[in-house]
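**Q** For reference, the chains in residue letters:
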Amino acid sequence: MTKVLPQGKLKDFLKDTMDKYSLVAPVREDGVVVLKPTADPEAVVTDYLNTVTSPKDFFFPQTERMFRFQKTEGKIRVEETTWQGKRVIFGVRPCDLGSLELIDRVFQEGEYEETYYLARRENTTVVGLACSSPGPTCFCTTFGITPGSPEGADLMLYPDGEGFVVEVLTEKGEALAQQTETLLEDQDVDLAEVKGRFEGLKVPLGDHLSVDGVAAKLDGMFEHPVWAELSPRCLGCGICTYLCPTCHCFGMTDEVRGDQGVRLRCWDSCQFSDFTRMAGGHNPRPTKKERVRQRFMHKLNYYVHRFGRYLCTGCGRCLEKCPVGLTMVHVIEKVNDSGTREVAVNE
Amino acid sequence: MKEKLSELKETVARLLKDRTVDFFIAYQAGHSQVEPIPFFLTTAEHVENLFLNNFCAHNLSKYLLDYLAGDEVVGVLAKGCDLRALKRLLTDHRVERGRVFVVGLPCIGIYDRKKVQEVYPAGLVEVVEEGEEVILRGETGDKRVPRKEYLLPRCLTCPDHNPEFYDLLLGEKVANGPLAEEDYSDVRALEEWAPGERRRYWTRQFERCLRCYACRNVCPACNCRVCCFDVAEPRWLGKGTSLDEQEMFHFTRAMHVAGRCTGCGECERVCPVNIPLMKLNKKLAKDIGALFHVPQAEIPTEVEPLGQFRLGDPDEFN
Amino acid sequence: MCWCGSNIASTVDLDRVQKAVEKLTNVVHVEQNKYTCSEPGQAQIVAGIREHNLDRVVVAACSPRMHEKTFQRTVAKAGLNPYLLEIANIREHCSWVHTSVEEATPKAIDLLRAAVAKVIRNTPLTTSTIPVEKRALVIGGGIAGIQAALDIADAGHQVVLVEKEPTIGGRMAQLDKTFPTLDCSACILTPKMVDAAQHPKIRLLTYAEIEEVGGYIGNFEVTIRKKARSVNEDVCTGCGICWSKCPSKAPNEFDCGLGERKAIYIPFPQAVPNKPVIDRENCRYFTKGKCGVCKKVCPAGAVDFEQEDELLRERFGAIVVATGYELFDHSVYGEYGYGKYPDVITGLEFERLINASGPTGGKLKRPSDGKIPKTVVFVKCVGSRDEAKGFPYCSRTCCMYTAKQAILLREKMPEAEAYVFYMDVRTPGKGYEEFYTRATEEFGVNYLRGRVARIYPKGDQLVVRGEDTLVGAQVEIEADLVVLATAMVARRDAAELAQRIGFSYDQYHFFTEAHPKLRPVETNTAGVFLAGACQGPKDIPDTVAQASAAAVKVAMLFSRDELETNPMVATVDEGTCSGCEWCKPTCPYGAIDIKTIEERVGKRTVSRRVATVNTGLCQGCGACTVACRSGAMNLKGFTNEQILAEVEAICL
Amino acid sequence: MSVERAGTGVSTAGWEPKIIGFCCNWCSYAGADLAGTSRIPYPCNIRIIRVPCSGRVNPQFVLRAFQRGADGVLVAGCHPGDCHYSTGNYFTRRRFLLVKRLLEYLGIEPRRFQVRWISGSEGQKFADVVAEITEQVKALGPAKMDKMRDVM
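Chains as they are written, first to last, in the numbering used here: chain A, 1 to 347; chain B, 1 to 318; chain C, 1 to 652; chain D, 1 to 152.
Honestly, the hints are just simulated from the structure, not real lab data. Note that this is a predicted model, so its numbers are computed, not measured. Built from N, CA and C at the ideal position, the CB exists for glycine as well. Hints may be right or wrong, so weigh each one.
Chain C is nowhere near these chain D residues, computed Cβ spacing over 10 Å in every case [as the list claims (entries may be wrong)]:
#1 101
#2 110
#3 140
#4 141
Computed beta-carbon distance windows for the label pairs [unchecked claim]:
#5 C:508 with D:135: 25 to 33 Å
#6 C:606 with B:191: 45 to 53 Å
#7 A:162 with B:232: 50 to 58 Å
Chain A extracted, bound-state conformation (with noise of 0.2 Å):
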């Protein structure tokens, strides 16, 4: 046997959410599905392909306040924020959901635990929402990722008829389950056969891109023509890292009100051109080339080489906002394409 959430009880599965966790789901707003805490079931929409916002604003937001100071009798004091709460994350595609596992790496491995995003990870449900129909923007599974893959979900659902076919994966998922029980039904469904009938679905740009061999391909390719050619449309605004599910750069700020004041942790873009601008006023990436190399090699060659992965997941975001298409898809195509023997001719 196997849950089954019936379409015409999403609104109370999500209600009954609501009693024992804050709701972050797809809302359309301004022609426009972004991921945002709700209150209201009415407003969440699942007829999306994804939204413009990614999962990744909710563990790792765009803002952290870490701590606050105040300066009272010529003493500092500190105080840490934590975060708290129990949230649910409704309607992650699985592109997205693979890119949690992404972030996890940088933020959980090594010597260092970055205790912000984890107490967000541990404290967040995350409900997966299995894709019926990827479109033109679509290349999950040019990284091994399926309209169908559950991993970095808790619980997933399956569109399937008339109502969602439920897997729960983690004890944070069997939570949820629990909490919502009553308005999911047993029924005789093969749960294989569904998740096998979406991990079969086309994706017609992912089945086509391959990435094998990039990263090594570009191991040589730091001087490499193609981001001169590359990088010249590129505006240098934010949207790619932004919207990036798996972007994860940041700054830190303070900011100061009398003898008090807070500290925040601020996403930063590696295509901004103050990114690694010095006090002193030098930078080291002077211009777009270094710019958009930094944030390709990033996702396509370091990020592989410390974690064995690539850093990115094919949700499309990139292709769909970037106003100039400057795509990892394009990019991808393009260092395919080059012969690795060129070397930089203009440096």
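Since the structure of chain A is provided, determine the placement of chains B, C and D on it from the hints.
**A** Okay, now just chains B, C and D, sitting in the frame of chain A:
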């Protein structure tokens, strides 16, 4: 527009060959028909990859700012709106006319990718203009829609179907004249709302803002060498994203382009989260027109509206 | 923190303020004194700076407009750059306007917090110097302008005296006698007029106006329009044949239109320069194209019909504005006949009617029928002290000149009766009260306290109906002539002139002095000074005193070869500046230029354009800073950083 | 920013608005001085920041004040034609005609932001203007109860 492709190829190849220009900025094919992307040609061989259709929205003249330091002559393809953007850069003394070679492109309107994708999500092959209508021709068949409804907003009120000036024009000039009067009805409608409603509206928009600065980076009027949002001291804008900072950002951006905005709407077009930036720009343009009698069509002006005054300007501050 | 005696201390709890301020970051020492501006108070600041090795000072006291300079000198005495000081205005803006300690104290703390936040961001500023052009421009050739010009010239400096009319002399030349001594006005004025004309250091430009004023203290650039006189002054001998032969007549403005002059004329016999001018509007040659009698008869060949306006561009180091006043137009008073009864005249017209060189040769004849009046009624405060129809201010001179005119009447025609309707009699000058007493006691002038309600004709007389409030009765006087003491008002083009030169004027368009008590002859614009009634109604002695004072100010300025400039000027961060030039049109002084700089970009040297500020021209208004979107343009002393810090400090 | 908090149930008891006044040195600051020397009382809510000219007031200063919790902002300068620097306030006038409309468009109560011409001789007017804006802002309530609501 497509039909001018071969002439464009010939022209650009010649300009590059005879070294009239050191490189040329035009369009290449993008991920799909509806999203052509900027293309930087350095040799005549590149012309084979040139692309042209009526989705070539991107204003290429802003890229000239990337080449201030050198002495290259940059060729650029410019529609009427792009030429206004170039004029903005020239009026702001950011670009030297002598270092730009303008290939003018007459244009009767660029289609709004978002609007077209709503009715034709994938597989569009071309858009064929038939008078007041267009046929969206795609892999799965044709759709006939009213032309006006699918154009970029700027194209409806475009006063410059032909670029105001150029070094060379592609094809013949087209009949000029805006398709519609400058339309401030959206601004007026918002003005009519109760203040609390308006507040909620803008709060929702600003809360969505990512501060990715795409609006700024694409804007021809935002052409400062160093943007005030990027300086550490004084801190005009905090690094943190919160409603007050977002509002500070949008207020400042709007004021900085007030009276300087060419009305191209690129900011709104590139915004990844659909913030109606033109509703801010147009509000200011409307008030500038009404208060100081400088209509949007006259911008860029020799002296910006906020850099001058009249003794008889309206006064309500007594 | 200053108590200012009890001025601050009684309303602001300074101990509480001290406790709050001591806690502020960067504050290392706070102290209070009773009068910080006193010598011991200033000494305390110097000692504090030395003892605590302070590098910034905030003085919480009165307005910086009062003592900022004082305390800047104080901190300089202790070796600190004077611009490392800020003032928190806790008197004018706090203790004097708030009544309770509970209100004033938190506000004082905020003001101090803001001053501290600002001063932390102050930087040492240094002055530079500009040369002084030691030539003065005096605008207006009345007694004020003449006196100022003579004094400046006597101090050894070149003066250009510009007068709009064909002659200098102004209002004083129109008067008959002067109070309280009854000197003949012309007798004491004309020698000064001649002195001015003959002084080797003074250049007279009559029949000329100020067209444009640019520049700044020490270096004004002035364009003067010398109107076409149609007479070559260099050649004309002033023989007078032309105006005796001229066939065209026009009302003589000098006689308030009571008499006539020719189209080629000098306004009055003692005019200086004694060179005529052709009034082209009334000249037959100019209106009808034929005549030219004057040209034919002129033995010197001085008449020049082709003459055109001439624009002179001159440099000056200082400007004295002495443009005088006009008389209130009493036609707004319906009850006095809207100016329609010819025998209701103004005091100035009365002066002309009793003046020996006036239209009646000094015989008092009334304008309507030339009859010698037997009963004359004087009405004071017409337009003055009357908010409803005129102005709320007192014109200061009318009480005295009315007394004078009544005395002159009784002296000339002892058989005539003089009545004066008055609200108050104000005689606050040397010998003034005595003079008034003579009028009532010695000359038997009848003073009636009350407003005149109505003047209406009856036969060939005018009935003046008013109230004698002292006896509480209605009075009606059948008069042959009524003289109105009309208010002194600013000249109608006063505001325009002030705007052209760039200084301020009050709601009545009288020019505003920099301080009503302590800087009465300066304007807010450095290098521009005021003399006479253009600044407010005043009589001849006060006018002359102010003119001499203005002259001294000019001489003081000219005693230096160079001036220190204001160091609070705009400054450009060249690294940030885009060279967009949008700052330029906002600068009223043309102080912003564009220059080309060279810099290294990578391996290349490239040049680019940036704005640059001429610190001699910049007056520190800061308009350019707001035009600059990137913040490349900043204003020293009022930087973006400082102002934002103040905002943030106040909002805490 | 200054969201109207009507109906939020936040108590405004004991609340006193904080109003920032940018005053030009030559006219309005002098007018405020004159109010002082003439001992004309006015509400204590205003805090004056001295600027050389109203033309020095960057609209971003005004926004920053609201951002940090000011309940009202007054920009005061010389009357048109009276600017110490001849023309500064004409630019102020143009700029703030727009700013005022833009703020209102953004839903910020326009009475919270005022521009007034106050000459050096108008001590009484200065006091009256401060009384007026204070009264209006008091009636509107706090612009933002928690200054550090967002980032802090």
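**Q** All hints are to be evaluated individually against the structure, with a verdict given for each.
**A** Evaluation of the provided hints:
The Cβ of residue 101 (chain D) sits about 18 Å from the closest Cβ of chain C, beyond the 10 Å cut-off, so the non-interface label holds. The Cβ of residue 110 (chain D) lies farther than 10 Å from every Cβ of chain C, with a closest approach of about 20 Å, so its non-interface assignment holds. With a cut of 10 Å on Cβ distances, residue 140 (chain D) stays outside the contact zone with chain C, its closest approach being about 17 Å. With a minimum CB-CB distance of about 17 Å to chain C, residue 141 (chain D) clears the 10 Å threshold, and the non-interface call stands.
For the pair residue 508 (chain C) and residue 135 (chain D), the supplied restraint of 25 to 33 Å holds, since their beta-carbon distance comes to about 30 Å. Range check, residue 606 (chain C) to residue 191 (chain B): about 47 Å between beta-carbon atoms, so the 45 to 53 Å window is met. Hint check: residue 162 (chain A) to residue 232 (chain B), Cβ distance near 56 Å, so the stated range 50 to 58 Å holds.
The structure is consistent with each of the numbered hints, conforming to all of them.
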